[in-house]
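*Asks:* Spelled out from the first residue to the last, the chains are:
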Amino acid sequence: MLVSLKNISQYVSLEGLTPEDIANKLTFAGVEVEEISRLASGTNLVIGEVKECVAHPNSDHLHVLQVNLGEKYGTTQIVCGAPNARAGLKVIVARVGAKLPQIEIKDGVIRGEASHGMCCSLLELGVDGKYLSDYQKAGIEELPADAPVGEEDVLGYLGLDDVVLNLSVLANRPDLLSVFNVAREIGALYERKVNLPEVNAKEDFKTKLVVGSKTKRCTQFSGKEIKGIVTKASPKWMSDYLMAMGVRSINNIVDIGNYVMLMTGQPLHMYDADKLAKAELYAQDDYDGDFVALDEKTYKVIPGDIVICCNNKPMCLGGVMGSLECAVDENTKNIYIEAASFDGASIRHTSNRLGLSSESSQRFVKGTNHFQSEFVLNYAASLINELCDAKENSNNVHYQSEKPREDRIKTSIKKINDRLGTEFSKDEIANVLTRLNFKLEFVNDNEFYAEVPLYRLDVTCDADLSEEVIRLLGLEHVKSILPCLDTKVGMLSLKQKRLKNIRSYLLSQGLDECLTYSLVSKKKQNDFNLLNNEEHYVILNPLTDEREVFRTHILASLLGAASYNVARQNKNLALFETSNMISKQSRSEHLAIVLVGQDARQGLLVKENYNFFHMKGLVEGIFTILGIEPTRYRFDRFVDANHELHPGKAANIVFQNKKIGVLGELHPNQIEKYDLGKTNAVVLEMDLEALLDAKVSETKMAPISKFPSVSRDLAFVLDAKIAAGDLVRAVKKVGGSYVVGCEVFDIYQGANIAEGKKSMAISVTYRKEDGTLTEKEVSDAEEKIKFELSRNFKAEIRS
Amino acid sequence: MENENLLKLKNAALKDIEEANSVDSLNAVRNTYLSKKSELSSLTSQIGQLPPEDRKAFGAALTEVRVAITSAIEEKMTYLKNKELEEKLEKEQIDISLPGISFEPGGRDPFYVIQDEMIEIFLGMGFEVADGPEVEKDLYNFELLNIPKDHPARDMQDTFYINDNELLRTHTSPVQARTMEAKKGAPIRIICPGKTYRRDDDDATHSHQFAQIEGLVIDKGINIGHLKATLELFAKKMFGEKREIRLRSSYFPFTEPSVEVDITCANCGGKGCNMCKGTGYIEILGAGMVHPNVLKMNGYDPEEYSGFAFGVGIDRMAVLRYGIDDIRKLYTNDVRFLNQFKKMS
Numbered sequence: 082m083l084v085s086l087k088n089i090s091q092y093v094s095l096e097g098l099t100p101e102d103i104a105n106k107l108t109f110a111g112v113e114v115e116e117i118s119r120l121a122s123g124t125n126l127v128i129g130e131v132k133e134c135v136a137h138p139n140s141d142h143l144h145v146l147q148v149n150l151g152e153k154y155g156t157t158q159i160v161c162g163a164p165n166a167r168a169g170l171k172v173i174v175a176r177v178g179a180k181l182p183q184i185e186i187k188d189g190v191i192r193g194e195a196s197h198g199m200c201c202s203l204l205e206l207g208v209d210g211k212y213l214s215d216y217q218k219a220g221i222e223e224l225p226a227d228a229p230v231g232e233e234d235v236l237g238y239l240g241l242d243d244v245v246l247n248l249s250v251l252a253n254r255p256d257l258l259s260v261f262n263v264a265r266e267i268g269a270l271y272e273r274k275v276n277l278p279e280v281n282a283k284e285d286f287k288t289k290l291v292v293g294s295k296t297k298r299c300t301q302f303s304g305k306e307i308k309g310i311v312t313k314a315s316p317k318w319m320s321d322y323l324m325a326m327g328v329r330s331i332n333n334i335v336d337i338g339n340y341v342m343l344m345t346g347q348p349l350h351m352y353d354a355d356k357l358a359k360a361e362l363y364a365q366d367d368y369d370g371d372f373v374a375l376d377e378k379t380y381k382v383i384p385g386d387i388v389i390c391c392n393n394k395p396m397c398l399g400g401v402m403g404s405l406e407c408a409v410d411e412n413t414k415n416i417y418i419e420a421a422s423f424d425g426a427s428i429r430h431t432s433n434r435l436g437l438s439s440e441s442s443q444r445f446v447k448g449t450n451h452f453q454s455e456f457v458l459n460y461a462a463s464l465i466n467e468l469c470d471a472k473e474n475s476n477n478v479h480y481q482s483e484k485p486r487e488d489r490i491k492t493s494i495k496k497i498n499d500r501l502g503t504e505f506s507k508d509e510i511a512n513v514l515t516r517l518n519f520k521l522e523f524v525n526d527n528e529f530y531a532e533v534p535l536y537r538l539d540v541t542c543d544a545d546l547s548e549e550v551i552r553l554l555g556l557e558h559v560k561s562i563l564p565c566l567d568t569k570v571g572m573l574s575l576k577q578k579r580l581k582n583i584r585s586y587l588l589s590q591g592l593d594e595c596l597t598y599s600l601v602s603k604k605k606q607n608d609f610n611l612l613n614n615e616e617h618y619v620i621l622n623p624l625t626d627e628r629e630v631f632r633t634h635i636l637a638s639l640l641g642a643a644s645y646n647v648a649r650q651n652k653n654l655a656l657f658e659t660s661n662m663i664s665k666q667s668r669s670e671h672l673a674i675v676l677v678g679q680d681a682r683q684g685l686l687v688k689e690n691y692n693f694f695h696m697k698g699l700v701e702g703i704f705t706i707l708g709i710e711p712t713r714y715r716f717d718r719f720v721d722a723n724h725e726l727h728p729g730k731a732a733n734i735v736f737q738n739k740k741i742g743v744l745g746e747l748h749p750n751q752i753e754k755y756d757l758g759k760t761n762a763v764v765l766e767m768d769l770e771a772l773l774d775a776k777v778s779e780t781k782m783a784p785i786s787k788f789p790s791v792s793r794d795l796a797f798v799l800d801a802k803i804a805a806g807d808l809v810r811a812v813k814k815v816g817g818s819y820v821v822g823c824e825v826f827d828i829y830q831g832a833n834i835a836e837g838k839k840s841m842a843i844s845v846t847y848r849k850e851d852g853t854l855t856e857k858e859v860s861d862a863e864e865k866i867k868f869e870l871s872r873n874f875k876a877e878i879r880s
Numbered sequence: 637m638e639n640e641n642l643l644k645l646k647n648a649a650l651k652d653i654e655e656a657n658s659v660d661s662l663n664a665v666r667n668t669y670l671s672k673k674s675e676l677s678s679l680t681s682q683i684g685q686l687p688p689e690d691r692k693a694f695g696a697a698l699t700e701v702r703v704a705i706t707s708a709i710e711e712k713m714t715y716l717k718n719k720e721l722e723e724k725l726e727k728e729q730i731d732i733s734l735p736g737i738s739f740e741p742g743g744r745d746p747f748y749v750i751q752d753e754m755i756e757i758f759l760g761m762g763f764e765v766a767d768g769p770e771v772e773k774d775l776y777n778f779e780l781l782n783i784p785k786d787h788p789a790r791d792m793q794d795t796f797y798i799n800d801n802e803l804l805r806t807h808t809s810p811v812q813a814r815t816m817e818a819k820k821g822a823p824i825r826i827i828c829p830g831k832t833y834r835r836d837d838d839d840a841t842h843s844h845q846f847a848q849i850e851g852l853v854i855d856k857g858i859n860i861g862h863l864k865a866t867l868e869l870f871a872k873k874m875f876g877e878k879r880e881i882r883l884r885s886s887y888f889p890f891t892e893p894s895v896e897v898d899i900t901c902a903n904c905g906g907k908g909c910n911m912c913k914g915t916g917y918i919e920i921l922g923a924g925m926v927h928p929n930v931l932k933m934n935g936y937d938p939e940e941y942s943g944f945a946f947g948v949g950i951d952r953m954a955v956l957r958y959g960i961d962d963i964r965k966l967y968t969n970d971v972r973f974l975n976q977f978k979k980m981s
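First to last, the protein sequences are chains A and B. Its first residue numbered 82, the first sequence is counted upward by one per residue in the numbering used here. Its first residue numbered 637, the second sequence is counted upward by one per residue in the numbering used here.
Isolated chain B (complex conformation) (with noise of 0.2 Å):
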């Protein structure tokens, strides 16, 4: 009799655990079967009336119902509580359209980005970063450069002069003789980047102020095929590993044999178009063997020690490998320009 009212009882709280629909209507259910006022607390408190022998059972299915009852309300209640989490969270839904909210890295001048790049290459092959002043003296800038005094190939190279003796640096290359002066006779490889300075009126394919990587590598049985392998690593690290370099003989005064270095050219592949003027190759670089005279000058036996040394103009480097078509954008500083160049590499 008792176990028949239980069932109905647990079948009618099912019932309504079922139809509940919101978590404020299961707590009321809860109210309604759980609490102390409910049908079973009072059916619980009454057991004490029944004879001895039927306590244990019927306590046993009083417990039985609770726990159906308690169970189908966790599970409901779970269940409705991720429901609603569900419908808030998709009133929450936001435009993701618009822009996120963070700093975008600043834009770099393609100066930074070569440079930086170039230094990277180098350090890959062993090589130190150096560094010279950009007002620097007529003794490393010329002189031990084998550019004596009046030597013609002062004329190549217009320069602004501070007074006779210092000046602002046309190349990087005294950074060599400052190395050679530095290292006393101990093989070298360096790179040297930096600003130099001609005097040359500012236009789309002139700067009075540019940029330079020299590179300078000195020990004992160095010869041109190191200066062509090393120099080839770079075309290909820098412009791609189908880019082939061809060497053309040239004339710099501090350096023999001297060769102008092209490259397969980027637009064409080396078929010849416009940008190559048909030749199918681009000048990048100036390069060549130390002369023995500056070896000697500067402290080294050319008997013992030979070298190569090359020197790359960064500007150039930036205006081919990102078609600029003027070299003053580079010195302009708009950021509309700058912002273009955020890929790291």
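Okay, chain A solo, but in the shape it has when bound (with noise of 0.2 Å):
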């Protein structure tokens, strides 16, 4: 909303007040002015004229110029290089130490000429170019040869020394889309009266026009008729007034519907009398069918659209447009005026589903004061009487099914102090609330009932009296003092906890925490969807195909993120992302990493490639840190029917039997798909849900041995196929309780080994728990191993 302070200095004055104070004062009582713009600025400025003007001797374009600045200021030579300057001429002298908007006067010589000043532009007052002509933007300004010497008022004299605020109208004042109402809060601000302006009712004749309404979106409607009109372009200060408000002027009766708007914040509609059929107006919502507006082209009206209709034909969209067929033009001789009330939403619907916002479409979503259509009308017959010449008016007549609100809001000092935390005193909240025109009476010292203008649509209970005592009164006489609350321990969750030690636990293995869209195209989500067959969100509305889809894992984008950085060398790449996965079925917390070139490990001459195993201990290491036994999880071969991850290297991640993650190599294809380079990438997705709510017993001391342990290796040569992990497991098993550690340590395929089958070396650890182990032992128990191993896995025992 665009306010100039000369026009509301009309209403209430601003004297002494500068409009940086202004703004600041509206800023902080919560209407947060956004730009303070000058039309133009200037100090030290008198009006002079040019009593000689000769050429400089030392110059092909300048002139030395005798200006009189009047008795004050006298004749002074000012050296100037406008190709306009000549005798007799009336000009804008800046004087020495004037500030314009882009310099400094000072007094100096010019090629030898001595200048005490400038004679300026209107550009260089800081004009806006496009208001100027060419010759005026070529050379100083020409002042009328009446204006007056030595007046030092130069902006004022010009009209120049407006200025204009642009408030940002929160979505709770609606009241303030209106010049008079930001009058009234300035007042109530500075405690300084307002004088708005008070309209006679001219009434001529009975009208014969009827209003009303057929539905409840439509609340209130008042019509006025007036006679003979002449329709022609506004006086300059009107065009004037509306331009500096970003409105187009039109002609003198379309522009005091907007102007009257501007002023009192209601759309007011003008209908060309002789255009209806009858002199009836009714809001309906029930039309369906096509309407041809003022803009003439034809739009598509649906039930739920407000229309103004004239014997059932629509003449006009409630709010939105009027028809071309009544439109007020250069013949119009009578008309009638509408000024109505319209439910917000069914505007916004309407005003939205044809693309047609406007200045008056947005005061109806944003509300308007229903109870002022009597003065409104009065004000805008008296603006057509003096600017459209119209001979008569009528009475105005009124539709309203609804009552102003009569019930007060019944509040205490106490109250309002307890919810600010303040110490206002009754007289302190007295007057703030008089001063807002709120109109109170007091039952005790304490309690009062208020009573709240019409125009404030916001303020309905008594916390709402409390922010209007505290934004004018001021936010700083809250005192500011902890809350003194129950002692509590302040805690993650378990299972916050436990995913911040997860986190925590990868960035110490040196991997970078990541942050990706959740919003996906189609394609990604259908990318490396390794663990789910959930429905995924769809966005109704996306901005782009690039988003509109709420992803359910993170994987492809983990993996964007790593090709855009290999795209930029940065090559070897450890990235980690966990983030809240939500589907149509389920929410859960996921991890995906993806690890790519060399390990990152600093300062290794020899540096390896990551691959599988780097992120198998990963994996083992979450479990660790969260406490869960190698037991209670497993890794089954992944078998991929879309060919992302490598046939032979991937991993689906068992927990509890149920699948809850994939770690794998990426498939040579994707690694070329996602140009990472010549290199290979490891890559897990995981649900972490069931390990964050996982059950995990207290770690207890188990004893330290005091008896020492054996070691036996066993080497022997097996099917190549035969897992690792599968034989461990058996030696732990059949080796009974003196077995405690089997590590494998050699694996060799190749040379002296036959094809198909592999040689493994093991290492197994025996120990008593109460005594020394006796040779026999531990041979007894190696023997039941070899036993294993041969029947069960069909080992060669080598040694």
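When the alpha-carbon atoms are kept at most 27 Å apart in a straight line, the in silico DSS-like pairs for lysine-lysine are as follows:
#1 A:839 <-> A:814
#2 A:569 <-> B:819
#3 A:381 <-> B:785
Simulated from the structure, these hints should not be mistaken for laboratory data.
Grab the two chains, each in its own frame, and use the hints to assemble them into the complex.
*Replies:* This is the structure we're talking about:
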């Protein structure tokens, strides 16, 4: 909302206030001033008359002027380069010390001639070039011959002394979309008297116009008839004012409609009375059909849209646009003026659907005062009489289906102070609310009733009153006191703590923590959807197809981040992200990891490529820090139908017999697809939910054995396909309680070993908890192991 | 006579020990004087040939010489071994300027740095961490927050919709309603960090995805002074002890009164500079007293309970604290960016 301070000052005195003061005051009171713009600015200005103009002796384009600045400053010499400088011209002079938007004027000597000031163009005073002619822009401003020499209020003389504030009106204050109400607000802030125009109704005849509403979406409809108007261009003050407010001037009658709306906040609509079939206007919401609007376009109107009908034919799309059929034009003589109140939601739907948004539709959407039509119509009529030479005014006719709000708000001084944390007195609070036009009635020294002014749609409860008090008296009065609440241990829940621990663990392992977008393309959602086939959410109104699906996995996004980095020569990457995934079926915390290129460990001269086991190690590490024993989870071979992972180097993570994750090396085709370079990559996607919720027993110290352990190695040849993990598990099982460890320390395939076979060596550690093992005890256990290996693993023992 | 020989022998041995300059040469000396074939050993074996009255004295003399030589050798040996070790170690000198062998900790997107730090600050004040779904019901995102259908405030937040009733949450405030529902009228002190979405085109200062931390305190006798003090404490912990805050009136449908909170500009300390557009202050968050309608709708009696709520933009905190010039950098995951944020606080 733009407001001209010159305009405001007609209704409330702004004496002694700078625009910055006012802007600051409004901003702190919740009406943010986004911009202060001046039409022009400059200090030390005076109107002068060029008495003498001679060519500068040392220049081919400069002139030396003798300029009379009036009695106070006398005649002074100024060197001027403007082509239009000449004797007899009245000019704007910026005296020495003048501050103009771009420069400061100093006493000087220009090519040997003294110069004590500058003759100015309007451009130099900061006037926007779009308002100036080329001639004005090329030289100094030529003032009229009757310009008063010596006048120091040059901007005032030029009518360029206005300052426009751009108010950011928040949704709770639609009343401020009215200059009159802004004046009231400023009056309240500064405790100054506000004088709004008073209009005397002129009633020359009784109108035959009937107004009404057949819908709840229009609760108030008022009309007035005016006869004998002359349509013409608006006077300059009107068109200048509208232009400064960003509204295009059309003609006197349309302009008055807009002007009254800017002043009062009430949108008006004018009908050419002679074009209507009958003297009736009804608001309806059941019309279904075409509507030809003012802009000569045809719009489809559907039930729910508010239309104003005459004889059941739509004459106006309420609050949005009038019809072509009854539009006011240069031949219009007699008009009906409509001042109505329409339901904001309906107007919003209609204007959004048809793409027709205007100053008036926006006012309806945000909310208007439903009880000021009598004043508004009379105010409009007075302007029409003045600017359109109207002959006769009718009475006002009203339809009103709702009554003004009667219930007053009951509250108390204590309640207001309690909410605010302040100690304002009764007088202070009463003074503030009265300034804001609330009518107060005190029950006792504490409790009171407040009647809300009709234009304040936002004030409905005592909390609203406390806001009024604090925004005027100032939030700096609020005492800062930490709340005295029950002492409580602020703690993360177990689940939150576990997630944090997982993230810390991965960071400590040198992985970088990433943040990618939740919204992805359909394609990205389909890529690397390794874990689930749950249904994803699709955005109804996406901005682009790159962001139309709410993803159910992270991996494809993280691979995107990897390929972004590889393209920028960051070739060795260890990235992870945890994020909450949501599908139509469930919500769960996910973890994704991408390892690309070489192990990032610094300084090692021989660097190792990341492989499956780096990732597996990280997964095992996560289980370890959560306290989940290796017996509770396992890695199964992952069969990938989509060829996204290497068929031989991928695994499912199975926890409590449920697949919760997949890890593996990327299929070479995918490395190419994601532009990861001639390298390898290992990826993981894991649903952490089961881990975060897992029951884990408390750690209890286990006694450390006092007795020595014995290690024995076994080497054997067996089928190459047998998994070492299975074998180790079997060894531990058959070896009995003496076996406390079993590690694979060598695997070999190749020369001297038959095709399809491998040689494996394990080291088994034996210990007895309650004594030293005898040779026989160890041998017996080892025999059982050997027997198991040859029987169930078909191993050929070599030693 | 024998004693004189012995003295000579001892002195010769001590001289040889003195002159030995390596472990090997010292071992040779030991061999010469202490082995079975040495003079000392042969003298010892001759004791039996002496007259019995002389045997004791000679034996004692022999022992004394042997002990003297042995201990001199031991001493010298220790010295030589140490010296040789030092020389060996000296030769093993490495180039200490080469990079260390260890995993550097990973870099973090500043989003996490800020989020984790803010959580810690509020945990210290006795807050709990709540959470809620990012795909949210209209009911929680709007209706229960005093933003009924067709409320003009809905235009303030352009929303991604899934269908008529479901949407991507436009703020973390729905967790207020969810928490009130869950706590069933009991006092509340929570924060809720989380991702939020608005239908904005991405540019240097806008992002369709961003993140907030919501705060909510409901109890008896809560007022704006409590809000102010809590946020003051937060601002000082987050941006430094010298920071001050100020409140400005504002509007949010779910709080009344509503305020914007500004913090003194870190760049100029409040004097006014380019960063704060000359005002000395930078806007950091929105807050207010929970609207009585919100309390009522969510099962709290506004006559008995009051509360405050605030919402802080995590991205905005990161941008302000680290001088990040383009919000999209938070979502690009360039490792050269991530690796600038390793400091643990």
